[in-house]
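Chains as they are written, first to last, in the numbering used here: chain A, 1366 to 1805; chain B, 1366 to 1805; chain C, 1366 to 1805.
Everything labelled a hint here was simulated from the structure, so no lab data went into it.
Keep in mind the model is a prediction, meaning the values are calculated, not measured.
Fair warning: there could be bad hints in the mix.
If chains are identical, the list can't say which one is meant, so a pair holds when it fits in one copy or spans any two.
As the list claims (entries may be wrong) - Cross-link-like lysine to aspartate or glutamate pairs, in silico, EDC-like; alpha carbons within 16 Å at most: (1) K1742 x D1506; (2) K1742 x D1677; (3) K1742 x D1434; (4) K1705 x E1693; (5) K1705 x E1387; (6) K1705 x D1373; (7) K1705 x D1413; (8) K1742 x E1771; (9) K1742 x E1481.
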Amino acid sequence: MTVAQHVDALRCGRLDLAGLGETMHAAMTRLYPICRSITGNGVRSTLDVLAESLDIERRSVPSGARAFDWTVADEWNVRDAYIADRQGRRVVDFQRHNLHLMSYSVPVRATMTLSELRPHLHTLPDRPDWIPYRTTYYNRDWGFCLSENQLRSMDEGPYDVVVDTTIEPGELTYGELVLPGDSTDEVMISAHVCHPSLANDNLSGITVAAQLARTLRAMGSRRYTYRFLFAPGTIGSIAWLSRNADVLPRLRHGLVLTGLGGPGALVYKRSRRGERTIDRAAAHVVGRRGGEIRGYSPYGYDERQFNAIGFDLPFGRLSRTPHGEYPEYHTSADDLSFVKPAEVAESYLAVLEIVDVLENEERYENLSPFGEPQLGKRGIYPTTGGKQATDAVMAMLWVLAYSDGETSVLDIATVADVDFAGLRAAADTLEGAGLLAPAQ
Amino acid sequence: MTVAQHVDALRCGRLDLAGLGETMHAAMTRLYPICRSITGNGVRSTLDVLAESLDIERRSVPSGARAFDWTVADEWNVRDAYIADRQGRRVVDFQRHNLHLMSYSVPVRATMTLSELRPHLHTLPDRPDWIPYRTTYYNRDWGFCLSENQLRSMDEGPYDVVVDTTIEPGELTYGELVLPGDSTDEVMISAHVCHPSLANDNLSGITVAAQLARTLRAMGSRRYTYRFLFAPGTIGSIAWLSRNADVLPRLRHGLVLTGLGGPGALVYKRSRRGERTIDRAAAHVVGRRGGEIRGYSPYGYDERQFNAIGFDLPFGRLSRTPHGEYPEYHTSADDLSFVKPAEVAESYLAVLEIVDVLENEERYENLSPFGEPQLGKRGIYPTTGGKQATDAVMAMLWVLAYSDGETSVLDIATVADVDFAGLRAAADTLEGAGLLAPAQ
Amino acid sequence: MTVAQHVDALRCGRLDLAGLGETMHAAMTRLYPICRSITGNGVRSTLDVLAESLDIERRSVPSGARAFDWTVADEWNVRDAYIADRQGRRVVDFQRHNLHLMSYSVPVRATMTLSELRPHLHTLPDRPDWIPYRTTYYNRDWGFCLSENQLRSMDEGPYDVVVDTTIEPGELTYGELVLPGDSTDEVMISAHVCHPSLANDNLSGITVAAQLARTLRAMGSRRYTYRFLFAPGTIGSIAWLSRNADVLPRLRHGLVLTGLGGPGALVYKRSRRGERTIDRAAAHVVGRRGGEIRGYSPYGYDERQFNAIGFDLPFGRLSRTPHGEYPEYHTSADDLSFVKPAEVAESYLAVLEIVDVLENEERYENLSPFGEPQLGKRGIYPTTGGKQATDAVMAMLWVLAYSDGETSVLDIATVADVDFAGLRAAADTLEGAGLLAPAQ
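Please construct the entire structure, taking both the sequences and the accompanying hints into account.
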């Protein structure tokens, strides 16, 4: 099977897209409880789960290693963390939700009144039931995150405060998977793996990337080599970049996946240059799905590292409603009920359609360029005239009208605002009829 | 008289545009009953009527001749065709409306029940009073088109079915008229002549083209040579293209005329490249008339042949509401009451305005470029200051501000969104005042 | 203090912008009663007032002198002008409002009936209380402007008609002020000084220009040399252009100021070429203030002379609602109550922001281009993660993401649609942190 056939089968219902959405949601459910951070056991456990179905290579970068302007932090792990009242009842408990502990909190063991504790407590007064997500990676500090309602129910104390964590030399871990293709030119798919129990951000991106890897692995042939990176945000991608100078010249197209299970239409964020092939491919796919295309901005996820001036790589980002634009963002409300199987499934199909464009983008030459060729005598045109053209006929006419050896199928899809997959199929038909040939 | 003077006279009412609309409608009335197809007597009769007022050359291409990917079909003619009941009453009768017979129906003489006939009957269930238009040029078949109401009133029969047609070697016929100009560079106007009793599609195009030819013939001088082609759709233009390789390099601008008498605003469809001079001229004229400018699409009329990659000619298309976008399209409701004298007249004026742009497009040099020249001392500026500028003064200022020898009048009209004809008149005034000269 | 610091202080309220608006309104009040025209005592008196706080050089061009296509007119001065009834009561009196006399009216001393007078009387029937503004610079004539109500109250007369004016050889006068900068490259600010008692057109422009000159004079250093021109419209700027051929090659950016105190949002009119640096700077500033950006048009104020093909200088124009688009335009209703201190103040700040862009536009090089530099370890990034970025952080990220040595701060402000001043401040911070350097 080819990517094109796989896309067509999912689109016409021969393959069960809804069922795939349920499968991906189940995969997210399994990863949800793990406490991830930019280093530590959580990332390794996550990669272990992925490795059950994919030959992911686990890479380690030691604490203290330099990566351009950055230094890899000491490794952080949590044994336990809580705030308990005089009766020993845990009023805030890391065991109940890993968001309760600010990521990278240093060890603490103290008895404190609420007034003393207060500067270390983070809540969302406007969303009194939700726990916020906070981190302190590069500033030695500690803190608890709790719901506003929890805070309101606390009296002055005193409380036993325990943060049983370790921050010590170890490693930063990331996972990498390479699926070789006909060409050594690469398409890279990246998803960050550093967020704890947050479903949309980024179990959705991890899960869609893993599903894509499984699908591409099963394809008979691939034009491109595909590289999947599951790394902690920022420091993870920078560490990868610092150790893969030889790979960078082969990176033709890149896509960061995140926030693919939440509500709202698809949103594609362009690369910094804005008109790379990945941008044009994704803008086509997302545009036709009623999604939104945005310009580059230097804030967001790892696309900002890949696009940095020194690398200048053609990476875009696909999400649904982006970070910070939905209230559940970076709170406990970004949970398994927030991400829907149907949304994840559509996101996955969109990624696959983008890959279809990359795999099948081609320039053709019309071999019968003097006027329109007589399609009827080749049996590929309706015999009764006087009615309007069908989509399939229109797709053939578009391909013939513009295939001058310079204009590609994606160019035509963009100019005509017609489906790439339909043009790709029309080109196959025309090539079969001897009317079209790949440009020399 | 020049084209410019003719346009100005029609626009200001010195010439009777409404009367011209009535005249053109009368011309359409005369052509309406003729049964045209892509070959046969109907085309020849149509060209005979046009030849009464224009020296149209009639060209023949024999059946079986090759034209690029196509072969000229055998000639089709109709003596009679009907479906009669047992009492000999014709329930469907070609003599009453030539749409009743599917074009290129092969001969039939049979007795059939309604059930047997049914696969050969075409109706429009949603428009029960209208007869559809159907053809079977390249697939040997036969059929009758009738209204849904006619069909409903038929019992099981049996019926006498007679299609008394001939399909045999003959010729494809088209008409051509060339009006020489100061230059051998050509403007080509094309209208298809293969549709039977359908008024908007394309008696309107034929009639506007013929009227334009009569007007241009009467002009004292013409910058361009004008070539008018009255040919059957698709195969007619492809046949012309195959026999005029020497003409093609001289074709500077082309316009396909069709659907100019129906409702809706003017619609200009760009050439494939989209920014040819004809595109810019027509976009200006049609835009200022409140019409719509559309990109190229490979579906439609003969513009698709002229624009084919192998020819790449700068042909646009002018219509009102295009094919397939009005319910009357390709039905008996596209009749003489559907096309209005006022619409045909406006369409004609728009074509003439486009020709005015082509004839008078020029680059000028401002001979007084250091600040604004003092128009007042030349008697071409209002003497009392403090009020706003008139259109005529503004047109002079636009021409002076941009006439750097590179920027043309059409460029200025486009940038300024002011009427080309007004700028053209202003340029005349300024040239008369010694402030402007054609660029070297 | 620098321009940047001055802008920041006005924007954040450390300097009193509202008070400045009151001061500028007071300056307009003082200039309002003076009867200006394109020559004569009114212009000189106006320049005298400006010279009290600015070292304006007064330049004279003798009547009869040639300036390209123009000849400097004789000088016009008014002693008195009125229409008096038989009782000697002045029914129309120049002493009461200088708009009552058409500018450049020739001397008259006559007794006339209303019927005889009527062709010389100008009113606005639709605005019966307002006096229109009319001129007859280059056509020897005379006239009175009065309100429609005044006219209606006049009986048949006869009337004593006195126009006690002189039109005789003298001079055309304009004022010029040059503030040298680090570079001899110049920014030119121009405001016309030929309109009599009309406040928005153009005491507002004169006053904002004068205020800008006082501000820039007080700055410690200036990148550019600033040249201010206070000249009569059209003939004044043409005369200046004809006498400053040596200055023209040094003019890098120019701005015409007019109509800055009336209602409506800011309106920037682009230079003829439309994409000069002044256009991009002003479009940024005005766009972010909710104002409107318009294309060039050859009608308006002195921008049409500077932009004329022979000079082709990069001059835009800043106003609020432009000439002719508000009913008070060129009438007695354009008075001191029509212009508001708050509007003048905002206009002034916008001009200053444009100057800030010109002064601080720069190309930088990101010195840490491999991924995002770690801002946190330099103390310029928030220590607690998980929240959205602040404007100040975003500005730093934008500057880092695009500072490739080719892309300027204004380029980034335009692409990102973020405040230039914010990016300029971010660039300072980053340069201080050793992460950025001016491009070589």
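Please list, smallest to largest, the hint numbers that this structure does not respect. 2, 6, 7, 8, 9
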